[in-house]
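Colleague: The primary structure of each chain is shown beneath.
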Amino acid sequence: MATTSTSSRARRALVWLAVIFAAFGAMIASGVAFDKAGWTPKLALDLEGGTQIILNPQIAVGTTVTEEELAQAVGIIRQRVDATGVSEAEVTTQGGTNIVVSIPGTPDQATLDRIRSSAKLEFRPVLITDVSDVVSQVAANVAEALAEDPKADLSGLGTAETPVFWAEPAGDPINFSDLNWVTPEIYQAYLTTPCDVLDASGANTADPTQTLTVCADDQSYKYILGPVEVDGAMVSDASANYIPGANGVQTNEWGVYLTFNAAGTLAFADVTSRLTTLQGAQNQFAIVLDGKVISAPRTLAAIPDGKPVISGSFTELSSKALADQLKFGALPIGFEVQSSDTVTPTLGIAQLESGLLAGAIGLLLVVIYAIFQYRALSIVTISSLGIAAALTYVVITYLSQANGYRLSLAGVAGLIVAIGITADSFIVYFERVRDELREGRSVIAAVETGWKRASRTIIVSGVVNLLAAVVLFALAVGNVRGFAFTLGVTTVVDLLIVILFTHPLLQLLARTRFFTSGHAWSGLDGSALGAVYRGRGEFRVDKSVSADKRSRVSKESQKRQSIAERKALENGGDQ
Amino acid sequence: MSAITRFGNRLYTGETSLNFIGRRVLWYLMSATLIVIAVVITTLRGGFAFGIEFRGGSEFQISNPASTDTAIAEQTITSEVGEAAAPRISIVGGKSVRVQTEQLTAEETDALRVSLADAYSVPVDQVTSSFIGASWGSDITSQALRALIIFLVLVSIVMALYFRTWKMSVAAMVAVVHDLTITAAIYGALGLEVTPAAVIGLLTILGYSLYDTVVVFDKIRENTSIAYDESKRTFAESVNLAVNQTLVRSINTSVVAALPVASILFIGSMLLGAGTLRDIALSLFVGILCGAYSTMFIAAPLYAQLREGESESAKQGRKDRTEIVRNASGAVR
Chain P
0 MATTSTSSRA RRALVWLAVI FAAFGAMIAS GVAFDKAGWT PKLALDLEGG
50 TQIILNPQIA VGTTVTEEEL AQAVGIIRQR VDATGVSEAE VTTQGGTNIV
100 VSIPGTPDQA TLDRIRSSAK LEFRPVLITD VSDVVSQVAA NVAEALAEDP
150 KADLSGLGTA ETPVFWAEPA GDPINFSDLN WVTPEIYQAY LTTPCDVLDA
200 SGANTADPTQ TLTVCADDQS YKYILGPVEV DGAMVSDASA NYIPGANGVQ
250 TNEWGVYLTF NAAGTLAFAD VTSRLTTLQG AQNQFAIVLD GKVISAPRTL
300 AAIPDGKPVI SGSFTELSSK ALADQLKFGA LPIGFEVQSS DTVTPTLGIA
350 QLESGLLAGA IGLLLVVIYA IFQYRALSIV TISSLGIAAA LTYVVITYLS
400 QANGYRLSLA GVAGLIVAIG ITADSFIVYF ERVRDELREG RSVIAAVETG
450 WKRASRTIIV SGVVNLLAAV VLFALAVGNV RGFAFTLGVT TVVDLLIVIL
500 FTHPLLQLLA RTRFFTSGHA WSGLDGSALG AVYRGRGEFR VDKSVSADKR
550 SRVSKESQKR QSIAERKALE NGGDQ
Chain S
0 MSAITRFGNR LYTGETSLNF IGRRVLWYLM SATLIVIAVV ITTLRGGFAF
50 GIEFRGGSEF QISNPASTDT AIAEQTITSE VGEAAAPRIS IVGGKSVRVQ
100 TEQLTAEETD ALRVSLADAY SVPVDQVTSS FIGASWGSDI TSQALRALII
150 FLVLVSIVMA LYFRTWKMSV AAMVAVVHDL TITAAIYGAL GLEVTPAAVI
200 GLLTILGYSL YDTVVVFDKI RENTSIAYDE SKRTFAESVN LAVNQTLVRS
250 INTSVVAALP VASILFIGSM LLGAGTLRDI ALSLFVGILC GAYSTMFIAA
300 PLYAQLREGE SESAKQGRKD RTEIVRNASG AVR
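Protein sequences appear in the order of chains P and S.
Under numbering that gives the first Met the number 0, think of the first position of the first sequence as 0, with each following residue one higher.
Under numbering that gives the first Met the number 0, think of the first position of the second sequence as 0, with each following residue one higher.
Worth flagging that the hints you see were computed from the coordinates, not collected in a lab.
Treat each hint with caution, since some may be false.
To be verified - Rough simulated footprint, nothing fancy, chain P against chain S, three-plus residues with beta-carbon under 8 Å:
#: 1; stretch: 57–69
#: 2; stretch: 189–203
#: 3; stretch: 241–255
#: 4; stretch: 275–286
Don't be surprised by glycine CBs; every beta carbon is placed ideally from N, CA and C.
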C-alpha cells in the first residue's frame, strides 16, 4: 500500500541518520582508543588559555610571498618551537601570508624571541667601514663647514677610512669585494644616515645581489657591504661553544660553530681565499643576522673546510639560540610580530562558560517560542534541534581529532547563531505545510506537497549559507575562519537533519490519529488555519489517492509550470 | 491557535493585506533618510570608532582583582612606561579591568604585565596581554572585503540560475547591500567600536539576509507563475500577496534567529564585557532585524518595480500562461 511505502521510506531515512551517527561515533571511539584523543572537541587558545602569535612577512614593496617560502618558514618555526621543549605548540599559515604560532600556557621570553627572530643569515664582504661616531663626526663637520661657507674646502675634514667624497667608480666591479660597487650616492647615504634610520629601513629585506649599508647590532660600527657571498641556507649544522683563545686555552667568549654544506664550503673557501689577499676593511667579512652585523672578523687565512666560527657579543644563551635557529635553517623571509595575544586559563574558562550559557539560554528561548507557535508540532522542532546539536557535536569532535580543528570563541558564537538558522528551516517547512492545509489538503497530503516546495527553498538557502561560509573560510583570516567553519558545518548538518529526520518524522507523525484529526493542539489544525474544505467527499478522495500518484501528479504540474514559466521568461526577454 | 496564526490565515487568503509594494517610495525614502542621517552623524563624529586591532597597541586585561580601582592601573603605567603610553582604562563585565595603551615593545608589554599583576595583587597568569600591530585589523578588513565581493558575485549567479531571472538576483543584492550599509551606519552613528569580531558579524548578515529573501522570493515566484494565477491580479498585486503570505514566516524566522543572538549579546555584555561574543552578536542582531525589513520593504517592491517596465510582454506571457494553467489545474484537482 502507498501509505506503507511512504512510511517505510521515512523509516529508511531515519536508519540512514542512525548509520551516519554510528559511523562518526565509531571513528571518534577508535580515535579515543588508539590515539588517546578525547571525547570532547579540542579548544582553541581563547577558550583554553595560552599565547597566540601572528607573524607577518616583511617583504619589499611589490613582491609577494610564495606558498613554498611560507611552508618552509612554517616547518622551520615548528622545529624551533619544538626545540624549546614546548609541547603541543601549533604552527599554521593563515590567509596565504601570515604564520600563526599557538602555544599553550605562557611561554617565557627566550621562547618568544626564538620564534620571532627570522635568523636570516648572510655573509657579505666588507667594502668600507669605520666607527659610527667617527662617520657621524665627519658628516657633522662637513655640514657645519658648508653652513658657514658653501664654497669651503672640505678635503681636510675626512679621515683615511672616511673621506669626505667618493669618486665615481672607474668601471664595473670584478668581484664582490671590488670598491667599484660603491657609487657617490651610496657613499653619501653611508655618511649621513644615522644608524637608527638604517636599522628601521628594512635591511632585512635588502636585495642580496646589491650592496648593503648597515650598522653593527650595537651600532658601534657602520658598514658598506658587498653582495651576499654565502647565506644561512647553506648551513648544515650549528652548535654553540666557547671560543678557544690564541694559544689554545679556552676563553669565556661564546661562539657559534658552523658547518656548511658542500656548496657553502666551496663558496666560503672562495671568499676567504680572496679576502686574505686584501688589506684594511676589505680583509673583513661581515656576518649579517636579520639585517644587522653581529660580527665582522678579519680573514686571517682561507677556510677550505667550511667550518667557521661566528664570534660576537654572545652569551651562552644567545649563542645557543642562534645555533638552534641556524641548525634548523634561517627563515626564507623575515617576519614581524603582527599580534601577540595571551589569554589566561581563567579568562578562557570564563569565555567558554559564558558561551555555553548563552547557547543554553538561546536554545531555551527558541524552544519556548516554538511551543508557543507550533504547539505539539514543536516536538518535531525540539527533537530535530536536539539531533542537530548531537550531530554537530560528533562532527566537530571528529574533525578536531582527525584534522586538528580547535573550537574557538568565535566558533562557539557560530554554533549558537546556527540554532536560529537551523530552527528557521523547520519554520519554513511547517509554514509551507500549513499553507497546503489552508488550500484544503489533508494533513498527510499537506506534508507531502508542503515538503516538495519547502525542500527547494531550504536547499537553496542552505547553498547560499554554505557559499558564504566557504568563501569566508577560504579568504578570511583569524577568528573569521573559526566562525565560518562552524557556520559551514552547521549548515550541512541542518540540511541533513531536515531531510533525514524532520521530514521523515513528520511523515510518520502525520499518520497518527492526533495529527490526522487536526487536533486543536497539533499545530496542524485545518479549521483553525482557515482551510477551504470542499466537503467530506473531497477529503476522503484525497486520502485514498496513493501517495505515489499524488507525487507524480504534482511533479507533473510542477514540470508544466516551469516550462510555462521559462516560456514566459523567454517572451519577456525577446521583447 | 495563537493570534499570530489567525493573523497568518487572514494574510494568506488576502482578507488582510498590507500594502508593501504600493507604498514602496515611502520605504525607499525611509531607508535613504536613515542612511543619510547615519552618514552625517558618523561624519560629524569623525568617522568610525575603530578598535585597538585597527589602531594598533597593547591591551591588558586583569581578571577578578580584589579591587577594580582604575587609578592603580594608571599609576602603574605612568611609572612603568611614562605618560606617552596614553592609557585607556575601563572596567569590563563588572569585575575585570581592561587597559589599552599605545603600542609598546614586546619587552615593555611583558614587563607591564608583571607590574600590573603585582599592583592588583593577582597572579601573573590572571593578566592577559595582547600586542597588536596596526596592520592586523586592516589586513582582516581588506581580506573580508575581498571575500565580500567574491561572495556577492557568486551568490548573484546562484540566485539568477535558481530563480531563472537576474532581476530577482539584483533585487536581493540591493537588499543585502542595504542591510550591510544600515548596520555599518548604525555602528558609525552610535560610535560603537568596530572590531574584527564586529566585521565577522557583518559578514554573517550576508548569509542571513539572503536566507530571508530566498524564502519570500520563492513564494513570489510561485504566486506570479501561472498555476496560481487564475485570479486577475496584476503582477505587483501578486508580489504583494506573496509578501503578505510569507509575513508570518518572516516574523517567525527572524524572531527565532534573533533569540539566540540576543542571548549571546546579553550574556556577552553582562558576563564578559566587550569582547568577541558581544561584538559578533551586536552586528548580527542589527543585521537580522535589517534583513527582515529589507526583504519585505526593499527587495520585493524593487523586484516588482524591475518587472514593471516589461508590462507588454508580461501581459502576453500571462495569456500563454492562462491556457496552460487550465490544463495544469485540471490535473491537480
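Colleague: Residue count check for the stretch 189–203 of chain S against chain P: does it reach three with CB-CB under 8 Å?
Modeller: It holds, with 6 qualifying residues against the three required.
Colleague: Do three or more residues from the stretch 241–255 of chain S put their C-beta atoms closer than 8 Å to C-beta atoms of chain P?
Modeller: Coverage by chain P holds for the stretch 241–255 of chain S (8 residues, Cβ < 8 Å).
Colleague: Can you tell me if the stretch 275–286 of chain S counts as covered by chain P, using C-beta to C-beta distances under 8 Å and a minimum of three residues?
Modeller: holds (count 5)
Colleague: Against chain P, does the stretch 57–69 of chain S show at least 3 residues with beta-carbon separation below 8 Å?
Modeller: holds (count 3)
This entry satisfies every hint, going by the numbered hints stated previously.
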